[in-house]
Each structure stands twice: as structure tokens, then as C-alpha cells.
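*Asks:* Sequence:
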Amino acid sequence: MSKKQEQVLCIDRKTLPASWVTQRTVLSMDFPTFAATCTKAKCSFVRRGIAEEDRQKKQIIPYILLQTADGGMTAAYNRQGNEKRLHDLWSIGIGGHINPEDSAIGTDSFESILKKGMQRELDEELARRVAGDPIEFIGIISEDITPVGSVHMGAVFLIRTQDPEGYLPGDELRSFTWHATQKLSQLNLELWSELSLELINSLNPTL
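Numbering (the working numbering), first residue to last: 49 to 255.
Hints were generated in silico from the structure; no laboratory data involved. Quick reminder that beta carbons are idealized off the backbone N, C-alpha and C, glycines included. Among the hints, erroneous ones may be present.
[Stated by the list, open to error] Derived DSBU-like pairs (lysine-lysine); straight-line CA-CA distance at most 35 Å:
id, residue 1, residue 2
1, K163, K51
2, K163, K231
3, K231, K90
4, K164, K52
[What the hints assert, rightly or not] The following label-pair restraints were derived from C-beta to C-beta distances:
id, residue 1, residue 2, range
5, L216, N249, 25 to 31 Å
6, D78, E101, 22 to 28 Å
7, A117, K51, 23 to 29 Å
8, D60, S160, 16 to 22 Å
9, Q53, P195, 29 to 35 Å
10, A228, R176, 20 to 26 Å
11, K51, R176, 37 to 43 Å
12, L235, A84, 22 to 28 Å
13, E101, L235, 18 to 24 Å
14, R168, D102, 20 to 26 Å
15, V178, A84, 39 to 45 Å
16, P65, D102, 36 to 42 Å
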């Protein structure tokens, strides 16, 4: 199946809270609040070729960050995947679209679909990861500044690990390396990564 034919999880912008879809959105929140709001707003699977051109829809993307347990180091990689508009930018987020396969029985809740999609993305992008590390939802990011951002919303998850060497990147994560969190701004970061750092800093202002 071509990328344009792929079915992706979307929510109509008009059914989401206005504070979620501003020009530059960085909001910390708990997962039950996020899931309940998205469930009320109602989501559907839309052909990606259509969704990518429709600013009235927000494609929901799990965006997973990897940090050391003390928050001092963050994993980053150079973008070389399917999204050519992001090529040669650095990213600290692992993730991708939610597809119908993440809702195997067709009646799964939004919470279940998102978590399945998030786990699938981790399995696809990482050749090895530490199974016992907790995955924490920390909030959402969204922006209408770039063509990519205007049709996507990021559900940001954070993995804090005591064993960074336990994470081995797959082929898509080019130049995957651990960087001092405070020096990430020296990289040519994609905007979503900048927003995610802002989100983390709002939770941990001393880092």
C-alpha cells in the first residue's frame, strides 16, 4: 500500500479544544484527560493522501522521547525517513501514524488504539529496547507554523532509562546518539522537538 493510500487516525480540528490547536501549542496534561477529550471529539481513520492536505484534520501521532533517568541525556537522530519535508533535521521523537491495525477488533477505545500504536512504533524503530522501562504520557504539542505541523498533533510520551545502552536503533534512526539535554538546542532540531523540550522543561524547570 502506498503512503497516500494508508489509513491514519485523525480528529476534526473543530471538535478539539481551541487551546489544543493554537499556532504554537505546548500543553502538559495527564493521559486520562487527553484520552477522554479525544474520545469525546471522535476520531476516525482517513486516507493519508486526503488527511495530509486537509488542515481541518489533525492526525494523531505518538511522539516518544528517550532520556536517561536523571534527564541529563536525551537520544536524538537525523531525519531520513518517509517524510521528506523533515529531512536533515534532528529529532528527539520516535513515532508515526496510528493505523487500523492498531485497532484489531475495530471496537477498541481511543486509549487502547493510541497505546497499541505507540508500542508498535517503538518495536518498528528500535532494534532493541529495555522492556521494563516505564513509559509516561506528559502532554501534547501542535503547531500551525509548518506544513507538516498544521495537519498533525503530537501525543508526547517520555521513557526515562537507567540503561541507555539497552536501546539499539533500527535502520530508520540515522545517527542515533545520546546528547546532553541542555545542549540539544545546538542541533538543527525539527520544530516538534523544540516544542517537546519546552514541554519537558515546564515539568522539570531545573534541568
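*Asks:* If a hint holds in the structure, say so; if it doesn't, say that too.
*Replies:* Verification of the supplied hints:
no.	hint	result
1	K163 x K51	holds, 22 Å
2	K163 x K231	holds, 30 Å
3	K231 x K90	violated, 39 Å
4	K164 x K52	holds, 22 Å
5	L216 x N249: 25 to 31 Å	holds, 28 Å
6	D78 x E101: 22 to 28 Å	violated, 33 Å
7	A117 x K51: 23 to 29 Å	violated, 36 Å
8	D60 x S160: 16 to 22 Å	holds, 21 Å
9	Q53 x P195: 29 to 35 Å	violated, 20 Å
10	A228 x R176: 20 to 26 Å	holds, 23 Å
11	K51 x R176: 37 to 43 Å	violated, 27 Å
12	L235 x A84: 22 to 28 Å	violated, 35 Å
13	E101 x L235: 18 to 24 Å	violated, 30 Å
14	R168 x D102: 20 to 26 Å	holds, 24 Å
15	V178 x A84: 39 to 45 Å	violated, 30 Å
16	P65 x D102: 36 to 42 Å	violated, 19 Å
The structure fails hints 3, 6, 7, 9, 11, 12, 13, 15 and 16 (numbered hints given earlier, in ascending order).
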